[in-house]
Amino acid sequence: MILFSRAYRRALLLALLAAPPVTLIASHVGAALPARPQTVAIKMFAFTPQVITVAPGTTVTWTNADEDPHTVTATDKSFHSAAMDEDDKFSFTFMKPGEYAYFCSLHPHMTGKVIVKG
Amino acid sequence: MDDHDILNPRLDRRGMLMRCAGWAGTAALYTVSGGIISSMGLDAALAAEPRKGRTRPFTFLQISDTHIGFDKAANPDARGTAIRAVERIRALPIKPDLILHTGDITHLSKDEQFDDAKQILSDLGAPIVFVPGEHDFLDEGQGKAYLAHHGQGTLGRGWQSFDHDGVHFVGLNNVAALKPGGMAHLGDDQLAWLAKDLAPLSASTPIVVFGHIPLWTVYEAWGWGTDDSAQALALLARFGSVTVLNGHIHQIISKVEGNVTFHSARSTAYPQPAPGAAPSPGPLKVPTEQLPSMLGIRTARFLRGSEPIALIEQTLA
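Chains as they are written, first to last, in the working numbering: chain A, 296 to 413; chain B, 2 to 318.
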């Protein structure tokens, strides 16, 4: 999610400007480093892969390949996309380890999960 | 003009057969010979004596799934086919008393799509009543746009009821606050309202329930059903005649369950595959020349309160 990652970058920048102990900066950078972006396809009314395991700090991008609109909506409402028309994308950056179940709020039989492991 | 014109020549055989299947065992309204309903039988039905008592025969119309804003391969001109449907409505020899739109008015809940739909669906010669589809509830405000355009005079998330000539009409919203892994959903607040709404009615009152997603489970794997519909149907069980009309699945499928008949309608925008006939329920691409025969509108005619409503399916071919 763009806003979230911007806020995170801003926090990181502020942390750098404030010149905190070197170890603290290193821990921030270290958390962000292994996170390669991941993608999930929304195709034929399914999330593929349905379950994805990522490192903390990973940005996951969903792309809707269907002619029908879909959404990516966290079951606990912690994140959600707008309605995505064909070819629309939605990204969210997962910082905290945990399991994030989500579904399509228009077609609730479509479900998926992001597992964030440190 | 007589009723015959309403049927001819655009009443397609498949629709009639589907209807026949839906009515099997409950109504002898049409005569069936060799699996084909004769037009004589149909004419006779439409010329039947008016209902006794305070009600008279009347017709109303169902239009569904106009998806204004849809422009993809399955129908690059959904606006054009909606206009075609409206032209058919205006040309009906028997004017409907009212028109029900069973949702997915727009494709993406955009204000300009609601406005365009309003303009296309104007001057129909009868009042039009809406219930939302999930495509009308996908704005950031989760229905705010729909309620701003069509919420006037409705309750809660857009549900409503009214009486017309002795028939009680109930419009439901089963597209809001859907739950992960589930199907369509009415919600406890709407069900509580429905119980109160139906309570004062006598069991002989004909009931027409209209909503977007089917109130019976057509195909669970595609979410074609309503997970708390059993509670609504329990409230309707004491009535002698209940007709449930819905859209969403862009095809005619009927079912009879006791005193309740369920009928899903065609879209004016694009067809969808038969349940389970494709890997997913998305828009079905058919040859361009075939498309109009898979789109349509539905006229419903009340004859007598004790009998099911006569449905007349009309394609856009």
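Quick caveat, the hints were computed from the structure, so don't treat them as lab data.
Keep in mind the model is a prediction, meaning the values are calculated, not measured.
One or more hints might be untrue.
Far from chain B by the CB rule (all over 12 Å, computed), these chain A residues [as the list claims (entries may be wrong)]:
{"no.": "1", "residue": "Val335"}
{"no.": "2", "residue": "Ala341"}
{"no.": "3", "residue": "Pro344"}
{"no.": "4", "residue": "Ala350"}
{"no.": "5", "residue": "Ala369"}
{"no.": "6", "residue": "Ile410"}
In silico DSS-like cross-links for lysine-lysine, where the CA-CA straight-line distance does not exceed 25 Å [unchecked claim]:
{"no.": "7", "chain 1": "B", "residue 1": "Lys180", "chain 2": "A", "residue 2": "Lys408"}
{"no.": "8", "chain 1": "A", "residue 1": "Lys372", "chain 2": "B", "residue 2": "Lys73"}
{"no.": "9", "chain 1": "B", "residue 1": "Lys119", "chain 2": "A", "residue 2": "Lys338"}
{"no.": "10", "chain 1": "B", "residue 1": "Lys73", "chain 2": "A", "residue 2": "Lys338"}
{"no.": "11", "chain 1": "B", "residue 1": "Lys180", "chain 2": "A", "residue 2": "Lys372"}
{"no.": "12", "chain 1": "B", "residue 1": "Lys96", "chain 2": "B", "residue 2": "Lys73"}
{"no.": "13", "chain 1": "B", "residue 1": "Lys73", "chain 2": "A", "residue 2": "Lys384"}
Built from N, CA and C at the ideal position, the CB exists for glycine as well.
Discussion item. Checking each numbered hint in turn, tell me which of them this model violates, lowest number first.
Written reply: 2, 5, 8, 9, 12
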